[in-house]
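Novice: Read off the chains here:
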Amino acid sequence: METKILIKKNQYRDSVFLMVINERIRSLAGIEEIAIMMGTDNNKDLIKNVGFSAKEIDSATSRDIVICIRARKEKEIEKALVQIEDMLTRRPRPEELVDVYKTLETVIRERPNTNFAIISVPGQFAARETRKALNRGLNVLLFSDNVPIEEEIRMKKLASKMNRIVMGPDCGTAIINHVPLGFANTVNSGPIGLVAASGTGLQEVVCLIDRAGQGVSQAIGTGGRDLSDKVGGLSMLKGLEILDVDEETKIIVLISKPPGPSTTKKILKRVSKSQKKVINCFLGSNPELISNSGAIPAQTLEEAAFLAVSVLKGEPYHHRNFSISDEELKRRLKAEIEGIAPSQKFIRGLYSGGTLCDEAMMILSDSVGEVYSNVPLKPKLQLKDLSKGYKHCCIDLGDDYFTKGRPHPMISPETRNRYILSEAEDPEVAVLLLDIVLGYGAHMDMAGALSENIKIAKSKAEQKGGYLSVIVSVCGTMKDPQDFVSQARKLADIGAVVMPSNAQAARFAAMIALKNNNRIG
Amino acid sequence: MKKNWHLSENKKPFFGKELVVVNIGIKPFYEDLKKLNVKVAHVDWEPPAGGDEEVATLLDKIL
Numbered sequence: 007m008e009t010k011i012l013i014k015k016n017q018y019r020d021s022v023f024l025m026v027i028n029e030r031i032r033s034l035a036g037i038e039e040i041a042i043m044m045g046t047d048n049n050k051d052l053i054k055n056v057g058f059s060a061k062e063i064d065s066a067t068s069r070d071i072v073i074c075i076r077a078r079k080e081k082e083i084e085k086a087l088v089q090i091e092d093m094l095t096r097r098p099r100p101e102e103l104v105d106v107y108k109t110l111e112t113v114i115r116e117r118p119n120t121n122f123a124i125i126s127v128p129g130q131f132a133a134r135e136t137r138k139a140l141n142r143g144l145n146v147l148l149f150s151d152n153v154p155i156e157e158e159i160r161m162k163k164l165a166s167k168m169n170r171i172v173m174g175p176d177c178g179t180a181i182i183n184h185v186p187l188g189f190a191n192t193v194n195s196g197p198i199g200l201v202a203a204s205g206t207g208l209q210e211v212v213c214l215i216d217r218a219g220q221g222v223s224q225a226i227g228t229g230g231r232d233l234s235d236k237v238g239g240l241s242m243l244k245g246l247e248i249l250d251v252d253e254e255t256k257i258i259v260l261i262s263k264p265p266g267p268s269t270t271k272k273i274l275k276r277v278s279k280s281q282k283k284v285i286n287c288f289l290g291s292n293p294e295l296i297s298n299s300g301a302i303p304a305q306t307l308e309e310a311a312f313l314a315v316s317v318l319k320g321e322p323y324h325h326r327n328f329s330i331s332d333e334e335l336k337r338r339l340k341a342e343i344e345g346i347a348p349s350q351k352f353i354r355g356l357y358s359g360g361t362l363c364d365e366a367m368m369i370l371s372d373s374v375g376e377v378y379s380n381v382p383l384k385p386k387l388q389l390k391d392l393s394k395g396y397k398h399c400c401i402d403l404g405d406d407y408f409t410k411g412r413p414h415p416m417i418s419p420e421t422r423n424r425y426i427l428s429e430a431e432d433p434e435v436a437v438l439l440l441d442i443v444l445g446y447g448a449h450m451d452m453a454g455a456l457s458e459n460i461k462i463a464k465s466k467a468e469q470k471g472g473y474l475s476v477i478v479s480v481c482g483t484m485k486d487p488q489d490f491v492s493q494a495r496k497l498a499d500i501g502a503v504v505m506p507s508n509a510q511a512a513r514f515a516a517m518i519a520l521k522n523n524n525r526i527g
Numbered sequence: 136m137k138k139n140w141h142l143s144e145n146k147k148p149f150f151g152k153e154l155v156v157v158n159i160g161i162k163p164f165y166e167d168l169k170k171l172n173v174k175v176a177h178v179d180w181e182p183p184a185g186g187d188e189e190v191a192t193l194l195d196k197i198l
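Chains as they are written, first to last, in my numbering: chain A, 7 to 527; chain B, 136 to 198.
A hint or two may mislead.
Said to hold, decoys possible - Restricting the straight-line Cα-Cα distance to at most 25 angstroms, the calculated cross-link-like pairs of lysine-lysine (BS3-like) are: (1) Lys138(A) / Lys162(B); (2) Lys147(B) / Lys256(A); (3) Lys485(A) / Lys169(B); (4) Lys162(B) / Lys410(A); (5) Lys138(A) / Lys147(B); (6) Lys162(B) / Lys485(A); (7) Lys147(B) / Lys282(A); (8) Lys275(A) / Lys163(A); (9) Lys108(A) / Lys147(B); (10) Lys167(A) / Lys152(B); (11) Lys138(A) / Lys174(B); (12) Lys108(A) / Lys162(B); (13) Lys279(A) / Lys147(B); (14) Lys152(B) / Lys138(A); (15) Lys485(A) / Lys521(A); (16) Lys152(B) / Lys485(A); (17) Lys169(B) / Lys108(A); (18) Lys14(A) / Lys162(B); (19) Lys282(A) / Lys152(B); (20) Lys283(A) / Lys147(B); (21) Lys485(A) / Lys174(B); (22) Lys138(A) / Lys169(B); (23) Lys170(B) / Lys485(A); (24) Lys147(B) / Lys163(A); (25) Lys167(A) / Lys170(B); (26) Lys256(A) / Lys152(B).
Keep in mind the hints are simulated off the structure, nothing from the lab.
Kindly produce the complete structure, drawing on both the sequences and the hints.
Specialist: Encoded structure:
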């Protein structure tokens, strides 16, 4: 085995650009391991974790590109280095430079109508860039993570002073003035406004609203930490204020995991003063607490969407566990449990969306009992070995542990494909539960990319005399860049069961596991 | 010059009539907005002042 470590000093490239190079070189013949990253402290730790160490790495800075390659032979390393150099030195075509500037200041000077910034620089520089943008009167979508919480509080207080909003840090999704920003879906325009401390939570609700024939005025993200007691819901409060006076918005939907206790009080106090109907989906919260504020509690993301639509239409809302007919449900259930072997007991959720994973765990826990996870609902349910599932289990593959230095599972199928095959080896697994999230930024054909391994997994179970049920929900709309219908069809064609929402997929998975357990006594 | 819209005094939509965006960081966000015909500029961002955030913040205060 040969190793090469090379530092390119003072040559900054963004993380996505370098990740593309990483993945391309990784796929070359003979390459055992590759790490191409900027020399930030976080990245240097990651590089050490994959087995590269050298003095040059230690002394690299955040302005230096660190290139580490391990291969069987020297000539494979040389080939890789040539390709890396080509990609790093490729000159952009003139038409690619038309809108490109060196600084924010230059943009504002030449385009003074600029009113919105999307910021995705490394976390240690994000607060500075955000403050610069706010001081120039811009609203901000802050995609960057690893921003210290003290900086988050500072920037949000500055935003409040400037009558602006910071959506983030770690905010990947928003729809502002009907423009999808970041990893967002294309949905109908309409009078439902949303504020969410959860990316895939927001995506699931807006997509269900769209598929129910209604539309969205604004979908404001706040970042995952906004509702902690330390940050105090500063962006959610601002979002509520914005939607309360927004002429297009008639109904407001709030989405989050349960906020900190004092933030909950603050938010609900503000909700009680709203002139508009508020649907409150704080997953796992006490519904009575929510109702007392005058808001309508929603127990699931799906319920939040359906409640918003019902209230808008002035129709009563009737909860149903499934939106497909009873006959269709019975037919699907019969087909799924028929071939399952007595040893197959457990559900394994393999998720790309964090909130979708949380919602599934909450629903499954109500029916099948304890659900283990890398992001468990209770500390005692922490998955100890993250390389495989254990009993009933939902793994959030978008969590930092899996995505440091690697593409997110919404962009790349690689990690999820690995788990699909490895979980299928476990004779106690009855159901795989998956989410597929469409929209800008997401993989253009995730259903296609996972199909082969789903087929292999199902075939392995059959060879062992059993049956592997694969239940999927597709979070997307007909207007998304990926074809929603063809994504669903590809999955159905290989024997996966596509359910209309994440909540229904989780409920159906629970039915299969319980029915089989009851059947075998 | 700081803009300071107060919602009670001025019924302008909070995010403006039209979004005019600057993307600072990874390029795909810019590329997606360009495909949607949204007015968008891209800042080819690099770490400031030799990568030292503290120095950069001090420079911001002086300049």
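Novice: Now tell me if each hint is right for this structure.
Specialist: Status of each hint after checking the structure:
Pair hint Lys138(A) plus Lys162(B) holds up; C-alpha atoms about 20 angstroms apart against a cutoff of 25 angstroms. In summary, the hint linking Lys147(B) to Lys256(A) is supported, as the alpha carbons are separated by about 17 angstroms, within the 25 angstroms threshold. A C-alpha spacing of about 17 angstroms is found between Lys485(A) and Lys169(B), which places the hinted pair at or below 25 angstroms, so the restraint holds. Of the supplied pair hints, the one linking Lys162(B) and Lys410(A) holds, its CA atoms being roughly 19 angstroms apart against a limit of 25 angstroms.
Taking the CA atoms of Lys138(A) and Lys147(B), the gap is about 23 angstroms. The hint holds against a cut of 25 angstroms. Proximity of Lys162(B) to Lys485(A) is assessed by CA-CA distance (about 23 angstroms); at most 25 angstroms being required, the pair is judged to hold. Distance hint between Lys147(B) and Lys282(A) is fulfilled; the C-alpha atoms sit about 19 angstroms from each other, no more than 25 angstroms. Between Lys275(A) and Lys163(A) the CA atoms are separated by roughly 20 angstroms; this keeps the pair inside 25 angstroms, and the hint holds.
With a C-alpha separation of about 31 angstroms, the suggested pair Lys108(A) and Lys147(B) falls outside the 25 angstroms cut-off, and the hint is violated. Distance restraint check for Lys167(A) and Lys152(B): the Cα-Cα separation of roughly 22 angstroms lies within the 25 angstroms cut-off, and the hinted pair is therefore satisfied. Only pairs whose Cα atoms come within 25 angstroms are accepted, and Lys138(A) paired with Lys174(B) is accepted, the gap being roughly 20 angstroms. A threshold of 25 angstroms between alpha carbons decides the hint, and for Lys108(A) with Lys162(B) the separation of about 13 angstroms falls inside it, so the pair holds.
Note on Lys279(A) and Lys147(B): the hinted pairing holds, with a Cα-Cα distance of about 22 angstroms set against a maximum of 25 angstroms. Pair hint Lys152(B) plus Lys138(A) holds up; C-alpha atoms about 23 angstroms apart against a cutoff of 25 angstroms. With a C-alpha separation of about 37 angstroms, the suggested pairing of Lys485(A) with Lys521(A) is violated against the 25 angstroms cut-off. As the CA atoms of Lys152(B) and Lys485(A) are separated by approximately 23 angstroms, the hinted pair is consistent with the 25 angstroms bound.
For the proposed pair Lys169(B) and Lys108(A), the alpha carbon gap of about 18 angstroms is at most 25 angstroms, so the pair holds. Proximity of Lys14(A) to Lys162(B) is assessed by CA-CA distance (about 21 angstroms); at most 25 angstroms being required, the pair is judged to hold. For a cut-off of 25 angstroms, the pair hint linking Lys282(A) to Lys152(B) stands: about 22 angstroms separates their Cα positions. For the proposed pair Lys283(A) and Lys147(B), the alpha carbon gap of about 22 angstroms is at most 25 angstroms, so the pair holds.
For a cut-off of 25 angstroms, the pair hint linking Lys485(A) to Lys174(B) stands: about 21 angstroms separates their Cα positions. For the proposed pair Lys138(A) and Lys169(B), the alpha carbon gap of about 24 angstroms is at most 25 angstroms, so the pair holds. Between the alpha carbons of Lys170(B) and Lys485(A) the distance comes to roughly 14 angstroms, so the proposed pair stays at or under 25 angstroms and holds. Pair hint Lys147(B) plus Lys163(A) holds up; C-alpha atoms about 22 angstroms apart against a cutoff of 25 angstroms.
Distance restraint check for Lys167(A) and Lys170(B): the Cα-Cα separation of roughly 34 angstroms exceeds the 25 angstroms cut-off, and the hinted pair is therefore not satisfied. For the suggested pair Lys256(A) and Lys152(B), the alpha carbons sit about 18 angstroms apart, so the restraint of at most 25 angstroms is met.
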